[in-house]
Amino acid sequence: MDANTHIVVVGNGMVGHYFVQELVKRHPDLAAANLQITVLGEEPRPAYDRVHLSSFFSGSTAEDLSLVEPGFYDRPGLELRLNARVGMIDRRQHLVILADGDALHYDKLVLATGSVPFVPGVAGRDRENCFVYRTIEDLEAMTAAGTKAKSGVVVGGGLLGLECAKALRDMGLETHVVEFAPRLMAMQVDEAGGQVLRSKIEELGVHVHTSRNTTAITDGATARHRMVFFDETWLETDMIVFSAGIRPRDELARESGLAIGARGGIAIDNSCRSSDHDIYAIGECASWNDEMFGLVAPGYDMARVTCAHLFGDTTNTFQGADMSTKLKLMGVDVASVGDAHGKTHGSRSYQYLDEVRKVYKKIVVSEDGKQLLGAVLIGNADEYGTLQQMTVNAMPLPENPEFLILPSSDGKEKSGLGADALPESAVLCSCNNVTKGSIGAAVAAGSCTIAEIKACTKAGTACGGCVPLVTQVMKAEMLKHGMAVNNHLCEHFPYSRQELYHLVRVEQIKSFDELLSKHGKGLGCDICKPTAASILASCWNDFILKKGLASLQDSNDYFLGNIQKDGSYSVVPRMPGGEVTPDGLIAIGQIAKKYGLYTKVTGGARVDMFGARVEQLPNIWEELIAAGFESGHAYGKSLRTVKSCVGSTWCRYGVDDSVGLAVQLENRYKGLRAPHKIKFGVSGCTRECAEAQGKDVGVIATENGWNLYVCGNGGMKPRHAELLASDLSKEDLLRMIDRFLMFYIRTADRLQRTSTWRDNLEGGLDYLKNVVIHDSLGLGAELEAQMQHVVDNYQDEWKTAVTDPEVRKRFRSFVNSPEGDNNIVFVQEREQMRPATPAEKQQSKIIQILALVD
Amino acid sequence: MSQLQQTATLSTSGKMPMSMPVPHADSWQAICPLDDIWPSTGVCALMHGRQIAIFRMHDDVLYAIDNHDPHSGANVLSRGIIGDLGGEPVVASPIYKHHYQLRTGACVEDAGTQLHTYPVQLRDGMVWLNITA
Ligand code: SRM
Ligand SMILES: Cc1cc2nc3c(=O)[nH]c(=O)nc-3n(C[C@H](O)[C@H](O)[C@H](O)COP(=O)(O)OP(=O)(O)OC[C@H]3O[C@@H](n4cnc5c(N)ncnc54)[C@H](O)[C@@H]3O)c2cc1C
Ligand code: SF4
Ligand code: FES
Numbered sequence: 001m002d003a004n005t006h007i008v009v010v011g012n013g014m015v016g017h018y019f020v021q022e023l024v025k026r027h028p029d030l031a032a033a034n035l036q037i038t039v040l041g042e043e044p045r046p047a048y049d050r051v052h053l054s055s056f057f058s059g060s061t062a063e064d065l066s067l068v069e070p071g072f073y074d075r076p077g078l079e080l081r082l083n084a085r086v087g088m089i090d091r092r093q094h095l096v097i098l099a100d101g102d103a104l105h106y107d108k109l110v111l112a113t114g115s116v117p118f119v120p121g122v123a124g125r126d127r128e129n130c131f132v133y134r135t136i137e138d139l140e141a142m143t144a145a146g147t148k149a150k151s152g153v154v155v156g157g158g159l160l161g162l163e164c165a166k167a168l169r170d171m172g173l174e175t176h177v178v179e180f181a182p183r184l185m186a187m188q189v190d191e192a193g194g195q196v197l198r199s200k201i202e203e204l205g206v207h208v209h210t211s212r213n214t215t216a217i218t219d220g221a222t223a224r225h226r227m228v229f230f231d232e233t234w235l236e237t238d239m240i241v242f243s244a245g246i247r248p249r250d251e252l253a254r255e256s257g258l259a260i261g262a263r264g265g266i267a268i269d270n271s272c273r274s275s276d277h278d279i280y281a282i283g284e285c286a287s288w289n290d291e292m293f294g295l296v297a298p299g300y301d302m303a304r305v306t307c308a309h310l311f312g313d314t315t316n317t318f319q320g321a322d323m324s325t326k327l328k329l330m331g332v333d334v335a336s337v338g339d340a341h342g343k344t345h346g347s348r349s350y351q352y353l354d355e356v357r358k359v360y361k362k363i364v365v366s367e368d369g370k371q372l373l374g375a376v377l378i379g380n381a382d383e384y385g386t387l388q389q390m391t392v393n394a395m396p397l398p399e400n401p402e403f404l405i406l407p408s409s410d411g412k413e414k415s416g417l418g419a420d421a422l423p424e425s426a427v428l429c430s431c432n433n434v435t436k437g438s439i440g441a442a443v444a445a446g447s448c449t450i451a452e453i454k455a456c457t458k459a460g461t462a463c464g465g466c467v468p469l470v471t472q473v474m475k476a477e478m479l480k481h482g483m484a485v486n487n488h489l490c491e492h493f494p495y496s497r498q499e500l501y502h503l504v505r506v507e508q509i510k511s512f513d514e515l516l517s518k519h520g521k522g523l524g525c526d527i528c529k530p531t532a533a534s535i536l537a538s539c540w541n542d543f544i545l546k547k548g549l550a551s552l553q554d555s556n557d558y559f560l561g562n563i564q565k566d567g568s569y570s571v572v573p574r575m576p577g578g579e580v581t582p583d584g585l586i587a588i589g590q591i592a593k594k595y596g597l598y599t600k601v602t603g604g605a606r607v608d609m610f611g612a613r614v615e616q617l618p619n620i621w622e623e624l625i626a627a628g629f630e631s632g633h634a635y636g637k638s639l640r641t642v643k644s645c646v647g648s649t650w651c652r653y654g655v656d657d658s659v660g661l662a663v664q665l666e667n668r669y670k671g672l673r674a675p676h677k678i679k680f681g682v683s684g685c686t687r688e689c690a691e692a693q694g695k696d697v698g699v700i701a702t703e704n705g706w707n708l709y710v711c712g713n714g715g716m717k718p719r720h721a722e723l724l725a726s727d728l729s730k731e732d733l734l735r736m737i738d739r740f741l742m743f744y745i746r747t748a749d750r751l752q753r754t755s756t757w758r759d760n761l762e763g764g765l766d767y768l769k770n771v772v773i774h775d776s777l778g779l780g781a782e783l784e785a786q787m788q789h790v791v792d793n794y795q796d797e798w799k800t801a802v803t804d805p806e807v808r809k810r811f812r813s814f815v816n817s818p819e820g821d822n823n824i825v826f827v828q829e830r831e832q833m834r835p836a837t838p839a840e841k842q843q844s845k846i847i848q849i850l851a852l853v854d
Numbered sequence: 001m002s003q004l005q006q007t008a009t010l011s012t013s014g015k016m017p018m019s020m021p022v023p024h025a026d027s028w029q030a031i032c033p034l035d036d037i038w039p040s041t042g043v044c045a046l047m048h049g050r051q052i053a054i055f056r057m058h059d060d061v062l063y064a065i066d067n068h069d070p071h072s073g074a075n076v077l078s079r080g081i082i083g084d085l086g087g088e089p090v091v092a093s094p095i096y097k098h099h100y101q102l103r104t105g106a107c108v109e110d111a112g113t114q115l116h117t118y119p120v121q122l123r124d125g126m127v128w129l130n131i132t133a
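Chains as they are written, first to last, in the UniProt record's numbering: chain V, 1 to 854; chain Z, 1 to 133.
Excised from the complex, chain V in its bound form:
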C-alpha cells in the first residue's frame, strides 16, 4: 500500500471491531506499515458482545461484555472515536462527515454499521415503555422499566423475540409473545417444529399469540398499554419490546448513491466491495447476492475477506454462509441446519415427533438420498454438531439416515459422528472460524481442558453451540497424541473425582482403606487422600478426625485450623451471617488476650485469631465453645461464610431480612464438605452490600421473594454470579440451593470452585437450570435427601475433638514432651504480635508476648 494510507471504519460493533483486530493481526505495528486507522462509533462505548447481550439480565456488566482488550485502541496509528456518528459520505472528495460537522479524509472506507431493529408502523409505538432490543442502553432502559411493571409483551416470535421473552420472564413479568406469522421462529423452523416449540414455551409460563397483527397501541385499563389487534381483540401490558426483525443500516450508502441490494443492504461483491471500489461493507449492513446475514459468523468472515483484499490478497473471497443455528431458548433446544425447509428441488425428509417429551426432529436429504441438506431439531438438539458438519462438509450419509435422529432403543448415547471422520479443514466453531486443525494444534501445544481450548483458540466463546463437538475433537486429538484422556485423580486411582464419588455412594464405601483396596493401588498420596476424605464427608458426614479418617485430611483439616507459615495455627469461630453479640466479642477478646493471639477481622466478616500452637488449640476451643461458639470451618473445603448485609431490620432500603436468612443458611450448610470451599452472600436489596453476586451462592431479596445467583467468585479470577431463579419463596430457595450444591459436589473436579465448574459445564447455565429447577435428570428428590442427610448429621467438630481424649491427645507439638515448638516465635508490631522473620530469629530480637494475668 501507498505511504500513509488512511482507512476509516464506520461502526464499532462486533464486526467493525473484528475487522480492526484482523488489521492489527496482519500489521501489529500500524505506523511502521504506514497505516492510519480511524474508527468511528456512534455508541458511547467500544465494541461489546451483542450475541450475549441477554446475559446483561443475569448479572453481566457492560465491562464483562466488552470485546476490547484494555489498551487495544491506544496503539500508534489507531484511533477510536466514540459518540461519533457519521452523517454523510462525500465520495467525490473521499470524505466522511460526522454529525458534529467534522470531516475526515479516507483512502479506504469500511462500513460496518450493522442494523436496527424493525419497528412496525403501528400507531402508538412511540409511547413510553416501548423498547427495542439491540444495545446496552436499550437493556438498561428495559431493566429500569421492568422493576415497575407487572407484565410485558414481546412483538415478534423469532429468535431474538424469544430470547427477549426469556429476559422479561426472568425479570418476573407476566410475559406474552405476539407473532404476526402463524408460528414461532418461522425463519428457522417448519410448521411441525413450530408447534412443538410453542407448547414447550407455553409450558414455561409464557403466553404465545400467533397470527396477530397489532394495529394500535393505546391507553390500557388494567395496565399501562392496550395493544389492539387486527381482529379487534386486545391485550393489556405494562411494557412492550419490539423484536420484529432487523433492517440494515444502509442510509449512508443510499444517500451517497452506492448500489443497494434488492431487499436493502449495501450491495457487495465477493471481495466485500461496494459499487465504489474504495468502499467496503461488512456485517449486517451488507447485502451479498441480495442476501443479508443476521449472524455474527458471516460478518467475521466478511471482515477477514476485506482485510485480505485491502492488502492485495484476492484469493480469499466471501462465499455466503452456513446459517445453521443452535440455541437454547428458555432451556429449550432449537436448531436448524442448512436447508431446513426442504426447498431444494427433489429433496425428501425424515421426521420424528415425540408429543410426550415434546421433541421434534427432521432431516432433509438430497433426491438421490446420498447427502444431507438440512435439519430441524426442537426439544433436543444433541445431534446438531454431527448434522451440521455432515451438511457443511458434504459427507456421505449412512445407509439408514433415519437413525441419525431416532433415539437409540437401548437408551445409550449415540456415538455421533466420529471426530476422526471430519476433515482437518472442517470449521467446528463458525462464530470464530476455528477449524478442526487448529483444535489439533492447540492440543499438541498442551491445551487439554475445554477452558484452555477456549482461551487459546476462542472456539466456543461466542454462541457456544459448538462446545460439545469441540470437546469431542479435543479428546480425540488428545488420544492421538498419546495424552490418554486421563482424568484419573492420581497414580493410585484410575478414576476421576466424579467417578470416585459414584463408587463411594453406590457401594456405600465408608473408609479410604476400603476404597483403595477395591478400586485403587499403592498407599495413596496427598492428592487422593484429601479427595477421598472430602467425598466421604460429603456423603456420610462422619467426624473427620476419627481414626482412619484423620490420616487423610489435608494440612488444615488435620488440626482443624489453618496452618500458618511458621507452623502455628489460626482460630476462626463461626459467626453466622456476621452476627455476633457483645458478650461473644468480649469472650473472643479475653481468650485472644489470654493465649496471646493476634486478632484481625477477616474478609469473610468474622474474627480470626492467629499464632496458636498445636497444643494450645484444644484449650482455646474449649473456652470458645463454653462461650457459645462453634468451628468456623475456615480450614475446610467446605462452607465458609454466609456474608450478609444488615437488611430490612435496620436498613431503610431493605426489602427483606437478609441477616435472618444468612443465619439460617449458614446453620443449614455449615460443615458441608465439597470439592472446594463454598461462600454465600445474602443482600437485603439490589444495592447488594453483601456482594452476593461475587459468591458461589448469592441471594438477593426482591419485593416478591428471593433471587438466587450461583457460581460467582472473588479471588484470583473474579466471576460474576448468574441468576439461576427469581422470586423464590424461602422453602423453594432452600430446595434449589440443596440441589445446586449437591449437584456440584457430585460432579465437580477436585479443587474446582463452582465458578470453574460452571465454566466447564457442557450446556452451561441453561443445563444447570434444567437440572436444578426443571429437574431434567430426575435427581431433585435424591439430591435434596442427600443434603438433608448431611444437615442431620452435622456436629461441631471442635466439640467432638475436645471431648474425645484420644483425639485430644493428638494435639501436641511433641509425642514425648510437653514443650512447644521453639521455632514459633513472635515479635511485636502495632501493639500485637506477629511471627518473627528468620533474620529477627537469628538476632534474638524476640519480644515476649505474654499472657493475661487473671
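One should not assume that every hint holds.
Stated by the list, open to error - Restricting the straight-line Cα-Cα distance to at most 25 Å, the calculated cross-link-like pairs of lysine-lysine (DSS-like) are:
no.	chain 1	residue 1	chain 2	residue 2
1	V	Lys730	V	Lys677
2	V	Lys458	V	Lys510
3	Z	Lys97	V	Lys108
4	V	Lys730	V	Lys565
5	V	Lys546	V	Lys521
6	V	Lys565	V	Lys510
7	V	Lys594	Z	Lys97
8	V	Lys730	V	Lys600
9	V	Lys547	V	Lys521
10	Z	Lys97	V	Lys370
11	Z	Lys97	V	Lys480
12	V	Lys809	V	Lys546
13	V	Lys677	V	Lys600
14	V	Lys593	V	Lys677
15	V	Lys547	V	Lys730
16	V	Lys677	Z	Lys97
17	V	Lys799	V	Lys593
18	V	Lys547	Z	Lys97
What the hints contain is simulated information worked out from the structure, not anything from laboratory work.
Given the structure of chain V, go ahead and fit chain Z with the ligands onto it with the hints provided.
Here is chain Z with the ligands on its own, set in the frame of chain V:
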C-alpha cells in the same frame, strides 16, 4: 496467676533447630508407645533439642526423618500426609506440598535438598529412636 505462654520458647529462641548440637551418647531412646501414633500418620519427637518426625505406615513399618521442612522453614513434616509416589513412600509437607522420601530423606521436587533419616525401631510395642547413628 501469671501464665507464661512462651517460656520454653524464649530460652532457646536465638537458635534455629537445624543448628542444634547433637550429643554423642550411644543412643537408642524409647519415644512413645506405638499406639500414640495413629496408623498412616506421623508424630514429632523431641530428642536433645532436635525435632524428628516419625511415621507409622499402614503395616506398622516406621520411618524417621527431620521434622524441619527446609522449603518453608517451619517444623511441620510430621503433620504431612503420607503415601507413595511410584511405590516409594513419601510425606508431603503441609505448607508448600514438597514430597520427601521417607527411606532416603531426598526431596522429590528438589534434588538439592536432603533431610536426615534416623534409625527407628519397634520393640515390645514401644517406638525407639537413635539420632547418633
Ligand atoms: C483470613 C482470610 C484473610 C483475612 O485476613 O481477611 C483469608 C486467608 C486465607 N485465604 Fe482467603 N482469606 C479470607 C477471605 C477470602 C476472601 C473474601 C471472602 O470470603 O469474601 C476471598 C475472595 C472470595 C472468594 O473466595 O471467592 C478469598 C480468596 C482466597 C483464595 C482464592 C480462591 C479462588 O477461587 O480464587 C485462596 C486460595 C485457594 O483457596 O486456593 C485463599 C486462601 C486463603 C488461605 C487459606 C491461604 C492458605 O492456604 O494459607 C489463607 C489462610 C487463612 C487462615 O485463616 O490462616 N483465599 N479469601 C479471610 C478469611 C475469611 C473467613 O472468615 O473465613
Ligand atoms: C439480543 C441479540 C442476540 C443475538 N444472538 C446472536 C446469536 O446467538 N448468534 C449470532 O450469530 N448472532 C446473534 N445476534 C446478532 C449479532 O449480534 C449481529 O450479527 C452482530 O452484532 C453484527 O455485527 P455488526 O458489526 O454488523 O453490527 P453491530 O454489532 O450492530 O455494530 C454496528 C455498529 O455501528 C454503529 N453505527 C451504525 N451507523 C453508524 C454511523 N452512521 N456512524 C457511526 N456508527 C454507526 C452502531 O451504533 C453499532 O455500534 C444477536 C443480536 C442481538 C441483538
Ligand atoms: S490474599 Fe493471599 S496473603 Fe492475603 S490472606 Fe488471602 S491468601 Fe493470604
Ligand atoms: S460456533 Fe458459536 S461459539 Fe463456536
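Hint check results:
1. V/Lys730 / V/Lys677: Given pair V/Lys730, V/Lys677 holds - Cα atoms ~24 Å apart, limit 25 Å.
2. V/Lys458 / V/Lys510: violated, 43 Å
3. Z/Lys97 / V/Lys108: Roughly 59 Å separates the two Cα atoms, so the pair is violated.
4. V/Lys730 / V/Lys565: violated, 42 Å
5. V/Lys546 / V/Lys521: holds, 23 Å
6. V/Lys565 / V/Lys510: violated, 33 Å
7. V/Lys594 / Z/Lys97: violated, 33 Å
8. V/Lys730 / V/Lys600: violated, 33 Å
9. V/Lys547 / V/Lys521: Satisfied, since the Cα-Cα distance of roughly 21 Å is no more than 25 Å.
10. Z/Lys97 / V/Lys370: Violated: Z/Lys97 and V/Lys370 sit about 59 Å apart, past 25 Å.
11. Z/Lys97 / V/Lys480: Outside the cut-off at roughly 33 Å; violated.
12. V/Lys809 / V/Lys546: Holds - the C-alpha atoms of V/Lys546 and V/Lys809 are around 13 Å apart, at most 25 Å.
13. V/Lys677 / V/Lys600: This hinted pair holds, its Cα atoms lying about 21 Å apart.
14. V/Lys593 / V/Lys677: Violated, because 30 Å separates the two Cα atoms, which is more than 25 Å.
15. V/Lys547 / V/Lys730: Violated, at roughly 39 Å.
16. V/Lys677 / Z/Lys97: Measuring from Cα to Cα gives roughly 19 Å; hence the hint holds.
17. V/Lys799 / V/Lys593: holds, 22 Å
18. V/Lys547 / Z/Lys97: holds, 23 Å
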